[in-house]
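Student: Now for the letters of each chain:
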Amino acid sequence: MFKTGLIFFPAFDWAISPTHPEREERLLYTRDQIFEEGILDQRKIVEYTPRLAEEKDIQRVHFCVPNIAAQTTTAHFISAGSALKLGDALLAGAIDNGFSLVRPPGHHAMRVVHGNRGFCNINNEAILVEYLRKKYQLRKIAIVDTDVHHGDGTQDIFYHDPDVLFISMHQDGRTLYPGTGFVDEVGGPGAYLKNINIPLPPGTTDKGFLKVWREIIRPLLKDFAPELVINSAGQDNHFTDPLANMQVSSQGYAQLTEELKPDLAVLEGGYAIETALPYVNLGILLALAGQDYSYVVEPQAQKQQIKQELQVERYIDKLIAYWQKKLAEIPPSKEELFSSKLIYKNSRHLYYDTDNIREQQQEEVSYCPDCPGVYQVISQSDRASGRNYYLKGISIPLYACSACQEKGYEIWERAKKEKGYDLCYLQDKKNDQYFREEIRR
Amino acid sequence: MFVGIDIGGTFTDGVVISDQEVIKLIKVPTYDDISLSIEEALQQILAGLEPQKIEQVTLSTTLITNLIMQDQLAKAGLLLLPGPGANPHQLSFACAYKIINGAVDYRGRVIKPINLTEVKEACQYFLDRKINNLVVACKFSQRNPSLEEEIAAFVQKNYPECKVLASHKVSGLLNWVRRANGAFYTLATQEACRTFQEKIKTTLAKLGLHCPLFILKADGGTLPLEVSLCYPLETIFSGPAASTLGALACTEEKITAVVIDIGGTTTDLALLLAGKPLLAERGALINNYPVPVRSLAISSLALGGDSSLLIEQGKLRFGPRQGPALCVGGPVLTVTDVLVYSGYSEIASPALIKEPVEETARVLQLTPQQFSEQVLQMFVAQLEAKLEIMFKTWEEEPAYRIWQVLSVQKERPQTLICLGGPASGIGKYWSEKKNWQVVVPAFSAVANAIGAALAKTTLKLDFFADTERKTYTTNLGGLQGTLAQRLHNIEEAKEFTLQLFQEKAKDWQLVPDMPVETVYAEGFNIVRGWQTTGRIFQIGLQTVPGIKGFLKGARQDV
Ligand SMILES: [Zn+2]
Ligand SMILES: [Zn+2]
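So the protein sequences, as listed, match chains W and V.
Read in the working numbering, the first sequence has 198 at position 198, and its numbers run on one by one without any break.
Read in the working numbering, the second sequence has 143 at position 143, and its numbers run on one by one without any break.
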């Protein structure tokens, strides 16, 4: 029998603050709806108990500043751990797909974590991907982010990884937090077109949503042929969401889920906690379990006719045409993309909306013909209150060649002796070893 | 002095317990009319005892279970108001249904009105099929019963020949399928329950017994006879609850153990965790239909002492019961015979079955010792496989709060309590092969009656209040209403819940000073547009589960 694993962790005892959108009440009505339906009595849906992630699972992905304890609560460990648990059940063959219906969310959390961004501290999907790749020797994984906000955290973490295809469809960054996720953010030189952004115009309905899926994302996935597909299942594209301006309904989400067939879906945002979440979550769960979701119609959708405006439709068609053309082109070689110096350098500012932090970063990836190459980041936070940290992080990719692995350790040894850093980090994903050093001044 | 009566398939057992000791044991046949067995059992119990010394009689009855299993239910039809959600045709409803319009949402707001013409048509549909017991079940009716009430009143008025029951009267559980099925079974068994109750009352009066009479529930608690009429379903599957409590009574407080009750044809497994029987996560199933009844997590195997031993294509396997064991005059070789042959059971002389055992072993090209070993190994392997599933289910019980995830320390039991005829033999074998403590208690043959006698009256109240909508609901059928007072904080909500609890405790005839524990208590801010517009409270209260006492010196380790 086809089985869908479910971990429902509403964290009834955790909130960012009493009136924050990310509060105890968020999944209360979802609980009511899903329990009341009686569908959990069906043997197709197997409910699992959540578990805690381990520190190592977080170190595999993040440089938490100054340490993991400062950036997480128990709720974060459970939220991340729940996805891992379903991942284990999936790979053990106990379930055919799974839904981690948990909070807090994670897709805005980047590799370096100075604080909370967009309600996120640690990135649940990234932690899941790295865990599964390490534990089960998987290589190619695709993440499809259907939250209304650009999954900038996930993009950042896998930006230079050619084995992780990250696709985000979201409301255009010119009209919504976090203000990124444009079509020209296509992945680092070693991972060209492994990062795909589809910025949609406000007012996109089920029709546009599904068209983008069918005409851009589906062919991309077919081409990439991932071993696993993960869905960052945010629900704030809903027509009643208070934080965004889209027109998608629970039917649209359910239909997308049915066609996308993610191996694992992980809840992200969605803050219309009454008008959207009970119905969208139910729709996604039913679609995953292969059940009929056509009766999941939110009361508002019965009353109002949602129609996609012509200009929205035209815009989406242009976007589709853009991507189809781009993806049909012959890509430049890795060497061309790295440019003559064979080094990728990037400097940027990042904003943490929840914690009011401005971070300054210099990233560097060195070219290697045999592997994705060593990644380095120098970061400094600038916050309105509290202590600022200056740090260096080095990351040896999972599929690094031994020369790059060795190089990573050399940089790490040097960095610790260099003046100025408060903290140094080394991620050796290849050997699954992680180091952090606090340098006393 | 407590009396426990367990009505089994062939015999009805009774015990009298006084001062932690079994002072009387009786056994009478189980008749088709079980009230006759109860009368006979009580007569024998009372012989030589003063009736006024008896504080309480508790029955573990198969009345409802038998009605359901023998398909003697009154016919009923469901009027369903699903509203938005899962496809109602894919849900497990226990009888014929008609879908009608009208819907309530999770907050109890009516989101779609009803249409009385449709209700009429649905009623006519059932009446045409000679079904005049009707259940009305609306999704979220516990949050707002008005649609169910309106339809019930309409049916009552226009079709006086119909009996109608609204699902919110049966349970307030968040699961409308279970509520609907619960209402169906309640309606279908209520008449039989009423008759039974009247007969028992007459019997008690005739025997001069004036003590309260309780019925054992599937979750191991008890319920006064009068209340059981409102909740007849609660009394199903009390047998396994009785035996598990009996096993507990024969050991000690805080024991963590597996209880196996091996009968002739089936074996039941239950878990005792720190002295509390494990409950099924979602509740009971009747004929695979989910119902809103809390029950123990019981796992059953179609395997028992009388299971026959078959050889198919040179391989040994267990077959169904064909009669009692060969050694006690049955037709074929059974598990019990092997226990006797290999010295694990002394109910008969091994000499009686020496020949057939040796013959069967020869067919299998085994020595008789190898053959016996194989039979017992297979038996234990099947028990272990079931146990493994039970443990996994228990370990995977969902948790919705951080403290629940953190408080998990699930250590698997290493103690086995064996009940039933063949249990002591299997227990001895188990203790030889595995590193387990095995207990075969004294009185294991009447553990069910002991369990009934010592069961506590229990009450669990799940309270849910929405201060913005000024409503409250509970898990108990019919207990819901409007909040007349404003509940400002969790303390006030707890106070209110406790009052409700204490009112119900009177109906339930709970001991007045029985300790009440808070299972959970949480408040949610309802925030709309950054303004707190109300609070939702969820509070769970229950009497501390367990039993009234333990029997002195009943634990006997193998
Ligand atoms: Zn979002
Ligand atoms: Zn390399």
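Rather than coming from a laboratory, the hints here were simulated on the basis of the structure.
Where hints are given, some of them may not hold.
If we take Cβ atoms under 10 Å as the criterion, some of the chain W residues that face chain V in the derived model are [stated by the list, open to error]:
#1 Pro10
#2 Val46
#3 Glu335
#4 Ser339
#5 Ser340
#6 Ile343
#7 Pro369
These numbers come from a predicted model, not from an experiment.
Where a beta carbon is used, it is the ideal one built from N, C-alpha and C, also for glycine.
Student: Where does the structure disagree with the numbered hints, that is, which hint numbers, in rising order?
Tutor: Violated hints: 3, 4, 5, 6, 7; rest satisfied.
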